[in-house]
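Novice: Chains C and S, in that order, give the protein sequences.
Under my numbering, the final residue of the first sequence carries the number 110; numbering is consecutive throughout.
Under my numbering, the final residue of the second sequence carries the number 730; numbering is consecutive throughout.
Mixed in with the good hints, there may be bad ones.
[Said to hold, decoys possible] In silico SDA-like links for lysine to any residue, alpha-carbon gap of 20 Å or less: (1) C/Lys60 with S/Glu196; (2) S/Lys543 with C/Ser59; (3) C/Lys60 with C/Lys108.
[What the hints assert, rightly or not] Quick look at which bits of chain S chain C covers, simulated, 3 or more residues with Cβ under 8 Å: (4) 191-199; (5) 377-384.
Just so you know, these hints were derived from the structure itself, not from any lab.
Note that beta-carbon positions come from the ideal geometry of N, C-alpha and C, so glycine has one too.
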Amino acid sequence: MFKKGAIIFLAVLLVGVYIGLVLAAEKKGNDRKGKYLFRKNCRSCHVEGGSAKELSPVSKTQAEWEKAFKEYESLSCKDEWRKLSDQDRLDIFTYLHEHAYDSPSPIKCS
Amino acid sequence: MAKRSQRAVSRRGFLKASTAAAAAVSLGRGKVLHALVPAGKATPRTGPKDVYSACDMCFNKCGLIARVDDLGVVRKLDPNPKFHKSRGMLCARGNAGVRQLYDPDRLKYPLLRKGKRGEGRWQRLSWDQALDYAAEKLQAIGEKYTRCGVLFMAGTDLQSQFVHRFAEVFGSYNVISHESNCLLSRNRAFLDTFGEVPVPDVLNCKYLIMAGANRFEALVTPDSIDLMTALKKGSKLVVLDPRFTKTAALATEWHPIRPGTDMAFFLAVAHVLIEEGLYDKAFVAQKTFGFERLAPHIRQYPPEWAEKECEIPAAHIRRIARELAAAAPAAMVYPGRRSSDYENSTQIRRAFAIVNALLGNWDRPGGLTVARKVPLKKPPYDAPFYEDNPDGRIDEGRSLMMFGEEGSFKHARDAVIEGKPYPVKGFFTYKTNPMQTGANRKKTVRMIETLDFMLTVDIAMSDTAWMADLVLPAPSYLERRDPVSALQGASACACVITRDPVVKPLFEAKPVVWIVGELAKRLGLGEFFDFTMDAYRKAQLKKLPGAEAALKKDGVYHHPGKLYGVYEGKPFKTLSKKIELYNQRYEKAGIDPMPVYRPPKPVPDGHFRLVVGRSAYITQGSTTNNVLLHELVPENTLWLHPKPARRLGIRPGDWVVVSSNVGTQRLKVRVTEETREDTVYMDSGFGVLSKGLTRVFGKGASIVEILEDFNDEISGNMAMHETFVTVKRG
Chain C
1 MFKKGAIIFL
11 AVLLVGVYIG
21 LVLAAEKKGN
31 DRKGKYLFRK
41 NCRSCHVEGG
51 SAKELSPVSK
61 TQAEWEKAFK
71 EYESLSCKDE
81 WRKLSDQDRL
91 DIFTYLHEHA
101 YDSPSPIKCS
Chain S
1 MAKRSQRAVS
11 RRGFLKASTA
21 AAAAVSLGRG
31 KVLHALVPAG
41 KATPRTGPKD
51 VYSACDMCFN
61 KCGLIARVDD
71 LGVVRKLDPN
81 PKFHKSRGML
91 CARGNAGVRQ
101 LYDPDRLKYP
111 LLRKGKRGEG
121 RWQRLSWDQA
131 LDYAAEKLQA
141 IGEKYTRCGV
151 LFMAGTDLQS
161 QFVHRFAEVF
171 GSYNVISHES
181 NCLLSRNRAF
191 LDTFGEVPVP
201 DVLNCKYLIM
211 AGANRFEALV
221 TPDSIDLMTA
231 LKKGSKLVVL
241 DPRFTKTAAL
251 ATEWHPIRPG
261 TDMAFFLAVA
271 HVLIEEGLYD
281 KAFVAQKTFG
291 FERLAPHIRQ
301 YPPEWAEKEC
311 EIPAAHIRRI
321 ARELAAAAPA
331 AMVYPGRRSS
341 DYENSTQIRR
351 AFAIVNALLG
361 NWDRPGGLTV
371 ARKVPLKKPP
381 YDAPFYEDNP
391 DGRIDEGRSL
401 MMFGEEGSFK
411 HARDAVIEGK
421 PYPVKGFFTY
431 KTNPMQTGAN
441 RKKTVRMIET
451 LDFMLTVDIA
461 MSDTAWMADL
471 VLPAPSYLER
481 RDPVSALQGA
491 SACACVITRD
501 PVVKPLFEAK
511 PVVWIVGELA
521 KRLGLGEFFD
531 FTMDAYRKAQ
541 LKKLPGAEAA
551 LKKDGVYHHP
561 GKLYGVYEGK
571 PFKTLSKKIE
581 LYNQRYEKAG
591 IDPMPVYRPP
601 KPVPDGHFRL
611 VVGRSAYITQ
621 GSTTNNVLLH
631 ELVPENTLWL
641 HPKPARRLGI
651 RPGDWVVVSS
661 NVGTQRLKVR
671 VTEETREDTV
681 YMDSGFGVLS
691 KGLTRVFGKG
701 ASIVEILEDF
711 NDEISGNMAM
721 HETFVTVKRG
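The following block holds chain C by itself, in its conformation from the complex (with noise of 0.2 Å):
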């Protein structure tokens, strides 16, 4: 009987993560807001004649941004980056990530 309860509990809990990691993996930002937040939090210094690179959308692939937001640790920015919630990182990953250089939507340039 109790055999019988660890392996439903066991189930239960499995299926439990499961779903958690299926809605993780589906959790998107909002791109509109991530535009703001971007243009607000990281083009004061990613602009053209700024102390750092300019950037847009377009400047990485889909890949190249999943890549730098799951390492931000490693940017010489990270302190930066680290005064964002999760929430506001998620809007500016959307953003970038659905209009990147590779993506279906890419951003139009001038």
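Please build the complex by placing chain S on the supplied structure of chain C, with the hints as guidance.
Specialist: Structure of chain S alone, referenced to chain C:
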């Protein structure tokens, strides 16, 4: 990130006055215009002079020189011989531009609707009254329905970017262009195959297949002129079209393909290229992704199968495939422009793109070239964010893979009518005419009837302006100072253009940049339009030091750069970094990763398929009222093949009634063998509702009144060849 402070806009006294003096303002002809074209000697002399400009009679923006006489009147428009993109030419529409400038039907001053929508009763307002009223309405909608409650739609115009800027700072992401009534499915297909939308090198192409495109009437520069030059040099042109267009007439061969079966033809061409080993093996091995999946997929599509679908003999398909391969890489399936035809139009164009990839013509002379980068800067601005706004666009998710920045007119219209996912109650249009370009006109009217406020800025009282609450007069292209803009020209080189006023604006016309700037000021957003056009242009040209002088000297700046071999050693902008014969994103999105043929809906008995096309004198709904062009095409007719005409007892010149599931129109018939027996055609731009278009009002029939509004299931582009109609005398 707090919600922006919103300046209250007070209701102005004019509304009180207007109720007392709600008189209908006369539209159209009057003594006003007569005074504009000076006949007497009293007018101060200003010329003669020649002024460079860029045409605006269609989207091509060909270079021109306006000849202004010593009384300051534009007498003639001539082509700019230094303008490579148009190969130093100007078409009939371009020549007729003078009569757009001096058209008595032009909008002259701000007008406020007084009667019911479409009734045509207007009250003249001052600019201050009009702008105060518009700002008040926009503010009210923003407060009640969020800023996304206003839908913006701007045409292909050098100043449309300011409407986009205004929409963004106002806070609405619901911005659509004309593109989703035109070419988005082509863009989708080529972007999803090559990672970008190519520019065809028509001039150097030796063998060109044009499916559905009509380049000798639906003019695209330099393609139309280059095609003629290429033919003179001995190149071969194969046209597939249910109509015997002027392009078909001048082609090497014409095949009246069964409408909606182009994919069958091109899958069969791909079949022959692969089966007979005629494809560019080195190119395919090095630069494409998914050939090992395409080859078995294509086996099911031999020419003998395709013949039954497209009604082009298998022997011809085989021959054409072999001839294409022999001419490759200077051979191409022309990507086309307007592709708003079928529910699977993206997949049809994917088949075009795949054949091009098999020919290895990418980035090579006579093939598909890469859009040249022109380092024009877009002066930056930091638009505010409105926390109460919804998450997405109103039309989001209604097709499988829409362009985030373009949206879809069809879907946006449905969403406004349904009020889902949220209400949109404002509509701002600039120089675009969805009442004449959006299939199913009744639905467009229904959408407009759900609105609290509609504002239209245009040159003339288009059908769209006719439905608006507030109509504001814009200057024609010959009266404006525009920002600079880059144009692609394949072998004609990319170039930069701008416009300075040839003459002062007539009447009370004001450019849209000024209009949105004034609205912004009234809405507390003036900082975003705090620039002069000269400063804006200087910022745009910052990285192009020679451009300003060239524009002054030659009316155009040609930007040098490599035309071929741009991608040598570089990854493609796709997921696989190669040309995607097999599209991985499609697979993930549940879309066929390679084109799978599905036959078009069969034409029911007693019906015809209605197709859309172009006359060289007509730019959708914007030129049929031009006095010179109207003389050339005074009305449209229904093209009907003699066989069904006989069966229906219809004789040349008869009046006929054309009916679909959504609408009925009456027009004269043109009995002709220049269309298939199962296909009928009429020009666009007629059957107008606006009495402000005095020449064309009451002439011909409106095609969008009859067309049903289907859409491409991937891009959301309108699909305008899916409508079946009956035809009878009457």
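Novice: It remains to establish, for every hint, whether it holds in the given structure.
Specialist: Here's how the hints hold up against the structure:
With a C-alpha separation of about 15 Å, the suggested pair C/Lys60 and S/Glu196 falls inside the 20 Å cut-off, and the hint holds. Restraint check: the Cα-Cα separation between S/Lys543 and C/Ser59 comes to about 18 Å, which is no more than 20 Å; the hinted pair holds. A threshold of 20 Å between alpha carbons decides the hint, and for C/Lys60 with C/Lys108 the separation of about 14 Å falls inside it, so the pair holds. Coverage of a stretch by a chain is defined here by at least three residues with a beta carbon nearer than 8 Å to that chain's beta carbons; for the stretch 191-199 of chain S and chain C the count is 3, and the condition holds.
Note: the stretch 377-384 of chain S has 6 residues with beta-carbon separation from chain C under 8 Å; the three-residue rule is met and the coverage holds.
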